[in-house]
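Q: Build out the structure end to end from the sequences listed, making use of the hints.
Here is what each chain is made of, one letter per residue.
Number of protein chains: 2
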Amino acid sequence: MSTVKRDTYTPDSLLSVAVRVFNERGYDGTSMEHLSKAAGISKSSIYHHVRGKEELLRRGISRALDGLFAVLDESGAREGRAVERLEHVTRRTVEVLMAELPYVTLLLRVRGNTDTELWAMARRREFDQRVAELVKQAAAEGDLRADVDARLATRLLFGMINSIAEWYRPDRTSGNGTASGGNTSAEVAEAVVRTAFAGLRTH
Amino acid sequence: MSTVKRDTYTPDSLLSVAVRVFNERGYDGTSMEHLSKAAGISKSSIYHHVRGKEELLRRGISRALDGLFAVLDESGAREGRAVERLEHVTRRTVEVLMAELPYVTLLLRVRGNTDTELWAMARRREFDQRVAELVKQAAAEGDLRADVDARLATRLLFGMINSIAEWYRPDRTSGNGTASGGNTSAEVAEAVVRTAFAGLRTH
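Protein chains in written order, with the numbering used here: chain C, 1 to 203; chain F, 1 to 203.
Simulated from the structure, these hints should not be mistaken for laboratory data.
Careful, some of the hints might be misleading.
[What the hints assert, rightly or not] Some chain F residues well away from chain C (every beta-carbon gap over 12 Å; in silico):
(1) Thr30
(2) Lys37
(3) Ala38
(4) Phe69
(5) Ala70
(6) Val71
(7) Gly80
(8) Ala122
(9) Phe127
[Stated by the list, open to error] Which chain F residues stay away from chain C? Per the calculated CB distances, all over 12 Å, these:
(10) Lys5
(11) Thr8
(12) Pro11
(13) Arg20
(14) Glu33
(15) His34
(16) His49
(17) Lys53
(18) Arg58
(19) Arg59
(20) Glu100
(21) Glu126
(22) Gln129
(23) Pro170
[Stated by the list, open to error] What follows is a set of in silico ranges between Cβ atoms, one per label pair, in the way DEER data are often shown:
(24) Leu118/F / Gly29/C: 20 to 30 Å
(25) Gly29/F / Met121/C: 14 to 24 Å
(26) Asp66/C / Arg6/F: 50 to 60 Å
(27) Gly112/C / Gly40/F: 19 to 29 Å
(28) Gly29/F / Trp119/C: 16 to 26 Å
For each residue, glycine too, the CB sits at the ideal point set by N, CA and C.
A: Right, here's the structure in full:
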């Protein structure tokens, strides 16, 4: 029997519960009943906040996308040589992924055919495209090796970045940004930048 | 209405159908009914080949694991400096992933709690561990940069490699190893090795 508590949710705290459940059960596998049980409030209380689970999906994904697209507006992403901007975007994308882990995880797992999922996939492609343009520009400026195709380089870069969502778990006991495995998000971001741009091998 | 055809399956061809359905629907979401419809033969015909869907899962995953572990036995993975062996394993792991794409995809998606899934996850960790040992050894020999933690480097390397399963689709029309996007598996493997070890940036 589920314990129904008084609805003291804010839009953000309800969203946080919903996104956790979406990531655990998959969006398709999540019903309003599951959300009601996880939040400990009735379905009608949830409907007081949102029209349904698709609105929660859209809000969760928006939070991830807002964080990611904001990186592209930072001065480090707009000024200087393309390769420097690319490194800035790489570093900050890792940091946003780690800071907004559940929301970015939700975005990365979207696969479906609802309007919201199609919109999310289109926005994600748009972000990838913006980064791919930076890769191309950096290659044209002679700062990236010519023997790795720009499109392939972009895919491998995102492959490395996005894979962090599969193993990184924030350490809830420390609260100082220390990740499982003992790496802070700044350390992980720096490791990605070093690996992708300078390479692991000593020269 | 499903058309039931005469059972002309071999163990390998039935496995190929089952693995495709597992990857499309998820292993948990696949019933013997789904497999029967996809194969176009009756459930009892399937039971003539295997005891059930878990046996098909085990066989599919075994095929991926056999390919991956065989890489570790190649002379290029056993002889020479650790960094050279690591580069060999990286290159060949990418090639096996691309050659055995459905089977490796199945392995990478395993998350569950059946004996077979737990065994698969343990074997996958064992493979990762073997590569992590090579990373550590190469670092100890001074061939890998000291400012990226070996465990993190291993994770980022596999992040890059495994992400290929998300976008690579063999081009069935050419049959010459050309991938979607026009890259052969040798080209993709070389790009991964260059990116991870030498870095994208010109020096």
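Q: Against this structure, judge whether each hint is valid.
A: Going down the list of hints, with the structure as the test:
no.: 1; hint: Thr30; in the structure: 14 Å, holds
no.: 2; hint: Lys37; in the structure: 20 Å, holds
no.: 3; hint: Ala38; in the structure: 20 Å, holds
no.: 4; hint: Phe69; in the structure: 21 Å, holds
no.: 5; hint: Ala70; in the structure: 24 Å, holds
no.: 6; hint: Val71; in the structure: 19 Å, holds
no.: 7; hint: Gly80; in the structure: 14 Å, holds
no.: 8; hint: Ala122; in the structure: 16 Å, holds
no.: 9; hint: Phe127; in the structure: 15 Å, holds
no.: 10; hint: Lys5; in the structure: 30 Å, holds
no.: 11; hint: Thr8; in the structure: 33 Å, holds
no.: 12; hint: Pro11; in the structure: 31 Å, holds
no.: 13; hint: Arg20; in the structure: 16 Å, holds
no.: 14; hint: Glu33; in the structure: 19 Å, holds
no.: 15; hint: His34; in the structure: 16 Å, holds
no.: 16; hint: His49; in the structure: 30 Å, holds
no.: 17; hint: Lys53; in the structure: 19 Å, holds
no.: 18; hint: Arg58; in the structure: 23 Å, holds
no.: 19; hint: Arg59; in the structure: 25 Å, holds
no.: 20; hint: Glu100; in the structure: 18 Å, holds
no.: 21; hint: Glu126; in the structure: 16 Å, holds
no.: 22; hint: Gln129; in the structure: 14 Å, holds
no.: 23; hint: Pro170; in the structure: 16 Å, holds
no.: 24; hint: Leu118/F / Gly29/C: 20 to 30 Å; in the structure: 21 Å, holds
no.: 25; hint: Gly29/F / Met121/C: 14 to 24 Å; in the structure: 21 Å, holds
no.: 26; hint: Asp66/C / Arg6/F: 50 to 60 Å; in the structure: 56 Å, holds
no.: 27; hint: Gly112/C / Gly40/F: 19 to 29 Å; in the structure: 27 Å, holds
no.: 28; hint: Gly29/F / Trp119/C: 16 to 26 Å; in the structure: 25 Å, holds
Consistency with the previously given hints is maintained throughout, with no hint failing.
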